[in-house]
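These protein sequence lines are chains H and F, in that order.
So the first sequence is numbered by the numbering used here: it starts at 1 and just counts up by one.
So the second sequence is numbered by the numbering used here: it starts at 276 and just counts up by one.
Source of the hints: derived by calculation from the structure; they are not laboratory data.
All values reported here derive from a predicted model rather than from experimental measurement.
Wrong hints could be hidden among the right ones.
A short list of chain H residues far from chain F (calculated; beta carbon distances all over 12 Å) [claimed, not checked]:
| id | residue |
| --- | --- |
| 1 | E37 |
| 2 | H50 |
| 3 | Y56 |
| 4 | N62 |
| 5 | I74 |
| 6 | I77 |
| 7 | L86 |
| 8 | L115 |
| 9 | S154 |
| 10 | I164 |
| 11 | I215 |
| 12 | P224 |
| 13 | E230 |
Some but not every residue of chain F turned toward chain H, in silico, with C-beta under 7 Å [what the hints assert, rightly or not]:
| id | residue |
| --- | --- |
| 14 | S284 |
| 15 | A285 |
| 16 | L310 |
| 17 | H376 |
| 18 | K378 |
| 19 | S379 |
| 20 | F395 |
| 21 | I403 |
| 22 | H420 |
| 23 | L422 |
| 24 | V424 |
| 25 | D428 |
| 26 | R512 |
| 27 | Y546 |
A virtual CB, placed ideally from N, CA and C, is assigned to each residue, including glycine.
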Amino acid sequence: MEPRRPSWLFWLFALILVLVWISPILATLLTSLKTLEELNQGLYWTFPKHWNLDNYIEAFVNGGFSHYFINSFIYTIPSLVGIIILSSLNGFVLSKLRFKGREKITLLFLAGMLLPFQILLIPVFYLSSNILGTYDSYLGVILFHIAFQLGFASFFMRNFMKSIPDSIIEAARMDGCSNLKIFFSVVLPLMKPAIAALSTLLFTWIWNDYLWALILIQSDELKPVTTALENLKGQWVSSYNLQSAGAIIAAIPPVLIFAFLQRHFVKGLTMGSGK
Amino acid sequence: MKLFDDSKSAWVFLAPSLVLYGLYVLFPIVFTFYLSVTAWDGISSFPLPMCITDPETSCLSNFKELFEAGLFWKSFTNNLLWLVFFGISPLFGLFLALFFHVKSTFASPLKTLLFMPMVFSLIVVGMIWSWFLQPGFGLVDTVLHFLKVLPPDQEFGLMTKLGLAPNAGVIVAAIWPHSAYCMILYLAGLSNLPKNVFEAALIDGANRWQLLWHVILPMLKPATIIVVIVTMIGALRAFDIVAIMTNGGPANSTNTLALYMYQETFINFRYGYGASIAVVLFMISVGLIVAYLRQIKKEEA
Chain H
1 MEPRRPSWLF WLFALILVLV WISPILATLL TSLKTLEELN QGLYWTFPKH WNLDNYIEAF
61 VNGGFSHYFI NSFIYTIPSL VGIIILSSLN GFVLSKLRFK GREKITLLFL AGMLLPFQIL
121 LIPVFYLSSN ILGTYDSYLG VILFHIAFQL GFASFFMRNF MKSIPDSIIE AARMDGCSNL
181 KIFFSVVLPL MKPAIAALST LLFTWIWNDY LWALILIQSD ELKPVTTALE NLKGQWVSSY
241 NLQSAGAIIA AIPPVLIFAF LQRHFVKGLT MGSGK
Chain F
276 MKLFDDSKSA WVFLAPSLVL YGLYVLFPIV FTFYLSVTAW DGISSFPLPM CITDPETSCL
336 SNFKELFEAG LFWKSFTNNL LWLVFFGISP LFGLFLALFF HVKSTFASPL KTLLFMPMVF
396 SLIVVGMIWS WFLQPGFGLV DTVLHFLKVL PPDQEFGLMT KLGLAPNAGV IVAAIWPHSA
456 YCMILYLAGL SNLPKNVFEA ALIDGANRWQ LLWHVILPML KPATIIVVIV TMIGALRAFD
516 IVAIMTNGGP ANSTNTLALY MYQETFINFR YGYGASIAVV LFMISVGLIV AYLRQIKKEE
576 A
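Using the sequences and the hints given, assemble the complete structure.
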């Protein structure tokens with residue numbers, strides 16, 4: 001449907017709406033720049049008297065956020081790479097190769113993404129601590145993320161690859177390329193937009209994970225920002241300025257990724273749903 | 276170079292994924308079902324079904340206990356509340372998408388700001404809204420004081436005063452990012468609609484409401500089905516945001532099945548009982564998952 005041309009009335013309402021919408025974020029930003037004394041005077045929702053980054057420094061240095069922050073990257077990046085590699089392979093197989101059980105496997109992958117996590121909780125914990133020995137390690141969480149996100153990611157890649165004309169692949173096959181070679185030299189280069197879109201989604205989801213880090217990680221040194229934030233909420237009970245700084249720090253990477261790759265993100269969702 | 280047989284290379288390519296998926300997704304489902312008939316405490320050696328270790332007990336006694344537990348029904352009711360009120364997000368999302376479906380480069384930074392809550396961790400969302408709704412000094416109270424609706428020495432506290440509170444506070448916080456998500460899905464749906472639909476209907480003399488009701492909404496039906504199912508699943512999954520905002524309290528008034536399951540398992544070390552809660556949650560979700568798969572298949576046909 002053709003988008004309409006906005007009137008001045010649209011801009012007025014749009015601006016008010018957006019301001020109200022992001023007011024919780026603005027309030028958190030302002031709080032994170034205040035001193036505790038200022039907060040204790042009850043000046044919660046005003047501009048800070050003295051702009052300072054002390055809370056951020058405090059969170060990074062004494063709150064250990066420099067560490068948790070790096071941990072979150074250690075969980076997110078390898079998971080992301082693993083999922084992208086496996087799901088592009090799966091997408092290729094599920095969209096371009098003919099074999100028995102193709103539909104069933106596609107559905108199997110797709111069904112997993114809507115599972116209530118609780119059905120997996122105890123066995124994954126048991127598997128990690130009693131069988132694989134990956135409890136309380138980076139690897140344990142990374143493996144789980146790869147396995148769990150594979151379903152959605154493979155379905156996503158398959159949908160995108162369906163739009164690649166079969167003739168391109170047939171031509172490569174006529175030239176005598178193996179399936180593996182076709183995948184790497186023909187299909188993968190065409191997948192760049194899909195990979196970009198999927199990466200933004202996955203980065204956000206894995207970075208923001210709380211439950212699995214809570215279940216699979218015990219040591220403080222291994223905690224990602226989400227579970228660390230929950231801990232620090234207890235430690236900094238009424239220091240809302242410090243809590244806000246922590247919350248902002250935890251939100252920065254996904255916000256940056258989103259800000260720069262928004263086009264991919266939105267395009268990705270269009271490709272992801274159905275056709 | 277020798278060409279791989281299609282079927283053979285398909286399975287070779289799929290193998291690593293299937294192993295991981297089987298280990299971390301398929302096996303756990305079966306294992307949780309098994310654990311739900313045991314009285315495992317998570318520490319003792321591999322558990323056997325209750326009716327085998329103790330012939331006096333029924334193998335379904337976890338479920339019997341569950342359905343008699345007040346806390347189960349309380350959590351279940353809260354999930355139903357979630358289902359109803361969290362269900363407002365698709366409406367918000369649709370409204371926002373229709374409103375922002377405009378042709379102007381200046382609209383995209385505004386859209387970016389609207390999408391923003393969606394990329395926050397629910398832990399961050401929960402923390403932000405906890406302060407926002409805090410009685411006394413939260414922004415809601417501050418605005419009411421400023422507008423002189425509320426005397427300066429009184430507290431309103433949305434979290435504690437509304438009839439549905441404190442669930443209301445938690446659900447409101449959850450609606451915020453989820454509406455943004457629904458909005459994106461609807462915006463994608465709108466841009467997929469054929470370009471001439473609008474003009475054709477207007478030429479036929481339809482007004483804007485008729486256009487929305489009789490043309491746009493029916494054409495958005497596939498998007499709506501997906502959005503609604505994802506929303507319902509979200510309501511059933513409610514965990515992170517409850518854990519950070521209220522941890523189920525005060526006095527379990529905001530507990531949900533997902534959180535209840537976590538507490539029974541990892542706090543009270545009743546793994547078998549926890550598994551039975553997970554099984555119930557799973558059974559409720561199965562219908563939704565099947566509906567979702569059907570819709571996707573229909574769209575592909």
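Against the structure, the hints come out as follows:
no. : hint : result
1   : E37  : 15 Å, holds
2   : H50  : 20 Å, holds
3   : Y56  : 15 Å, holds
4   : N62  : 19 Å, holds
5   : I74  : 17 Å, holds
6   : I77  : 17 Å, holds
7   : L86  : 5 Å, violated
8   : L115 : 7 Å, violated
9   : S154 : 7 Å, violated
10  : I164 : 16 Å, holds
11  : I215 : 7 Å, violated
12  : P224 : 10 Å, violated
13  : E230 : 6 Å, violated
14  : S284 : 4 Å, holds
15  : A285 : 4 Å, holds
16  : L310 : 6 Å, holds
17  : H376 : 5 Å, holds
18  : K378 : 4 Å, holds
19  : S379 : 5 Å, holds
20  : F395 : 5 Å, holds
21  : I403 : 5 Å, holds
22  : H420 : 10 Å, violated
23  : L422 : 13 Å, violated
24  : V424 : 16 Å, violated
25  : D428 : 12 Å, violated
26  : R512 : 6 Å, holds
27  : Y546 : 6 Å, holds
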